[in-house]
Amino acid sequence: MSSSIAKLLAPLAALALALTACSGNSSSSGDGPLEIAAIAALSGGVSANPEYADGAQAAVQEINAHGGVNGRQLHLNTCDMHQNATESANCVRKILADKKIVALAGGSDIFLDADKAQLEAAKMPVIGQWPVSTFDVTNPLAFNVNGSTVVGFPGMAQDVVASGAKKVGLVTLDLPTSDANRKSIMQIMSAAGVQVTADVRLSATAADLSAPVQQAIAGNPDAIIWLSFTAQTPVAVNALRQAGFKGTVAVAGAAFEKRSMESMGSGGPVTLSLVFPPAWDTSTAYGKQFNDDMKAYAPQSKLTELALSSWLGVQMFAQVAGTLPTVDRASVLDGLHKLAAVKTGGLTPAISFAAKTPLPYGAIYNPAYTVVHVVNGAAGWDGKLYETGTHQVLQPAP
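Residues 65 to 462, numbered by our numbering, are exactly what the sequence shown covers, in order.
If you are wondering where the hints come from, they were derived from the structure by calculation, not from laboratory data. We treat Cβ as the ideally placed atom computed from N, Cα and C, and that holds for glycine. Incorrect hints may have been included.
Pairs of lysine-lysine residues, derived as DSS-like cross-links and limited to a Cα-Cα distance of at most 25 angstroms, are as follows [what the hints assert, rightly or not]: (1) 402 with 164; (2) 187 with 231; (3) 366 with 402; (4) 420 with 359; (5) 448 with 322; (6) 359 with 322; (7) 230 with 310; (8) 402 with 359; (9) 163 with 187; (10) 187 with 420; (11) 310 with 366; (12) 310 with 322; (13) 402 with 163; (14) 187 with 407; (15) 407 with 448; (16) 352 with 407; (17) 247 with 230; (18) 310 with 231; (19) 187 with 402; (20) 352 with 366; (21) 352 with 448; (22) 407 with 420; (23) 247 with 231; (24) 420 with 402; (25) 322 with 352.
Label pairs and their calculated CB-CB ranges [claimed, not checked]: (26) 404 with 154: 35 to 41 angstroms; (27) 402 with 442: 43 to 49 angstroms; (28) 302 with 257: 39 to 45 angstroms.
The whole structure should be built from the sequences, with the hints applied where relevant.
What follows is the structure, given as C-alpha cells:
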C-alpha cells in the first residue's frame, strides 16, 4: 500500500485509551470441551445485535457436528453487555477469571479499551471481533480480518466519488468516535474535487430527524452520506425521500438484512458499506457454509454482516486450535502469530497473521471493502472486493 494511502487512512488510527490492572495466567488442557467466549450488546440499547451470538453459535454447532477440533467439542460462552460500559467490564472480568476460556472469538465490544490492561495481563487472544474500539484496531492481542468502519467508510466514500457525484452532504454522529471517519471522508472528497455541501453532526439519541435532513439537503447535493446508529438509518432514508431528495443515500450496511436494504431503497438509490461479500451471498465457499449453518442452527436469526463476522471469528479460532497439541491462551496466541494463510473461504483477499498488516492499524489485516447498491428496490453486489485507498479490485483467497 502506498504512503499516500497510509497517510489518508492514518487519522483513523489516532485513538488511544489505557488503564492498568492485572489478571492471572490461563490454561486449558485435556479432552474436555474447548472454551471460547463472545461479548456483545445482544439486547437493550439503540444498537443491540443478537445475531453476534447467533453467528458464533452456528459456527460452534457446525464444527461440533463434524467432530469438533481434533476430537474436542467447542463450547461458546456469551456475555451480553447491553451496550453499557459497566456491564462490559463485568463481562471481561468474568471471562478472564475463567481460566478454561482460551480466546474471545466473534462478538463486538466498543468498551474494550477500558479493559486493555486486564486483557494484556491475561494475554487473552481476541479473534474476529467486529472491531469498534482502539484495542480491536491496534492491539497485538487482536486478530481481525474485518476492517469495519476504518476500512468500510472510506471505501464507501470512494464508491460515492466513483459514481460521479460532485456535491455531497455528510451526516455523522456527534461522537468522538466519528471524528476520524469524518476527517477521512472529507479528505477523500477534497482529493477528488467533490464539494461537501453540508457537515451535519447528529445527536446519537435524536428521534426527530427533520432538522438534520433539511441541513443535509440544503446545498442540493448529488448524494448524501448518512452515518448513524442502525435504528436511525432507515428513518433517515425515509425522511430524506419525504423531503424530496432523489439522489443516492450512502449508509453503513453491516447490521441490515437484504430485505431491509431493499426496503430502504424502495424510494431511491441507496449504497450500503460492507467489508465482506453480502451475508446472503453464496458464491464463495464460506458464504455458502455460513448460510447453510444459519439455516440449520439459527433459522430465526438475522442474516447480516455482523453475524457473518462472528461466525468467521469462530472458524478462525478452530483453524488455529486445530494446529496445536495443547490449547491454552498462550498457545493460541502463538499459533495466531504463526498463521501465514488464514482460511476465509473467499470472503477476503489473502490474509497472513504472520506478516505485518498492509494497513496503518496493527490488528486489521484485511484492506478490502464491498458495497451493495440498491436500485429500484433491488439489492445487488458486483462480486468484487476493493482495496480501500485505491479502489483496486482484490482477488479473494480460499
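Hints, verified against the model:
1. A C-alpha spacing of about 23 angstroms is found between residue 402 and residue 164, which places the hinted pair at or below 25 angstroms, so the restraint holds.
2. About 48 angstroms separates the Cα atoms of residue 187 and residue 231, which puts this hinted pair outside 25 angstroms; it is violated.
3. Our distance criterion of 25 angstroms between C-alpha atoms is broken by residue 366 and residue 402, whose separation comes to about 34 angstroms.
4. Of the pairs offered as hints, the one joining residue 420 and residue 359 is violated, with about 36 angstroms between alpha carbons and a cut-off of 25 angstroms exceeded.
5. For the hint linking residue 448 to residue 322, the alpha-carbon distance of about 18 angstroms falls within 25 angstroms, and the restraint holds.
6. Our distance criterion of 25 angstroms between C-alpha atoms is met by residue 359 and residue 322, whose separation comes to about 15 angstroms.
7. Between residue 230 and residue 310, the direct Cα distance comes to roughly 15 angstroms. Compliance with the 25 angstroms bound is thereby established for this hinted pair.
8. Straight-line distance between C-alpha atoms of residue 402 and residue 359 comes to about 33 angstroms, which puts the hinted pair past the 25 angstroms bound.
9. For the hint linking residue 163 to residue 187, the alpha-carbon distance of about 11 angstroms falls within 25 angstroms, and the restraint holds.
10. Distance restraint check for residue 187 and residue 420: the Cα-Cα separation of roughly 20 angstroms lies within the 25 angstroms cut-off, and the hinted pair is therefore satisfied.
11. Distance check on the hinted pair: residue 310 and residue 366 sit about 29 angstroms apart at the alpha-carbon level, beyond 25 angstroms; violated.
12. Straight-line distance between C-alpha atoms of residue 310 and residue 322 comes to about 21 angstroms, which keeps the hinted pair within the 25 angstroms bound.
13. The hinted pair formed by residue 402 and residue 163 meets the criterion: a straight-line CA distance of about 23 angstroms does not exceed 25 angstroms.
14. With a C-alpha separation of about 23 angstroms, the suggested pair residue 187 and residue 407 falls inside the 25 angstroms cut-off, and the hint holds.
15. Note on residue 407 and residue 448: the hinted pairing holds, with a Cα-Cα distance of about 18 angstroms set against a maximum of 25 angstroms.
16. Between residue 352 and residue 407, the direct Cα distance comes to roughly 15 angstroms. Compliance with the 25 angstroms bound is thereby established for this hinted pair.
17. Distance hint between residue 247 and residue 230 is fulfilled; the C-alpha atoms sit about 18 angstroms from each other, no more than 25 angstroms.
18. Of the pairs offered as hints, the one joining residue 310 and residue 231 holds, with about 14 angstroms between alpha carbons and a cut-off of 25 angstroms not exceeded.
19. About 16 angstroms separates the Cα atoms of residue 187 and residue 402, which keeps this hinted pair within 25 angstroms; it holds.
20. For the hint linking residue 352 to residue 366, the alpha-carbon distance of about 16 angstroms falls within 25 angstroms, and the restraint holds.
21. Proximity of residue 352 to residue 448 is assessed by CA-CA distance (about 17 angstroms); at most 25 angstroms being required, the pair is judged to hold.
22. This hinted pair checks out: residue 407 and residue 420 have alpha carbons roughly 17 angstroms apart, not beyond 25 angstroms.
23. Annotation: proposed proximity of residue 247 to residue 231 holds, straight-line Cα distance about 17 angstroms (limit 25 angstroms).
24. Distance restraint check for residue 420 and residue 402: the Cα-Cα separation of roughly 12 angstroms lies within the 25 angstroms cut-off, and the hinted pair is therefore satisfied.
25. Among the hinted pairs, residue 322 with residue 352 is consistent with the structure: their alpha-carbon atoms are about 16 angstroms apart, no more than 25 angstroms.
26. The hinted window of 35 to 41 angstroms between residue 404 and residue 154 holds, with their beta carbons roughly 37 angstroms apart.
27. For the hinted restraint 43 to 49 angstroms between residue 402 and residue 442, the CB-CB distance of approximately 44 angstroms keeps it satisfied.
28. Checking the proposed 39 to 45 angstroms range against residue 302 and residue 257 shows it is violated: the Cβ atoms sit about 31 angstroms from each other.
When the structure is compared with the earlier hints, violations turn up for hints 2, 3, 4, 8, 11 and 28 and for no others.
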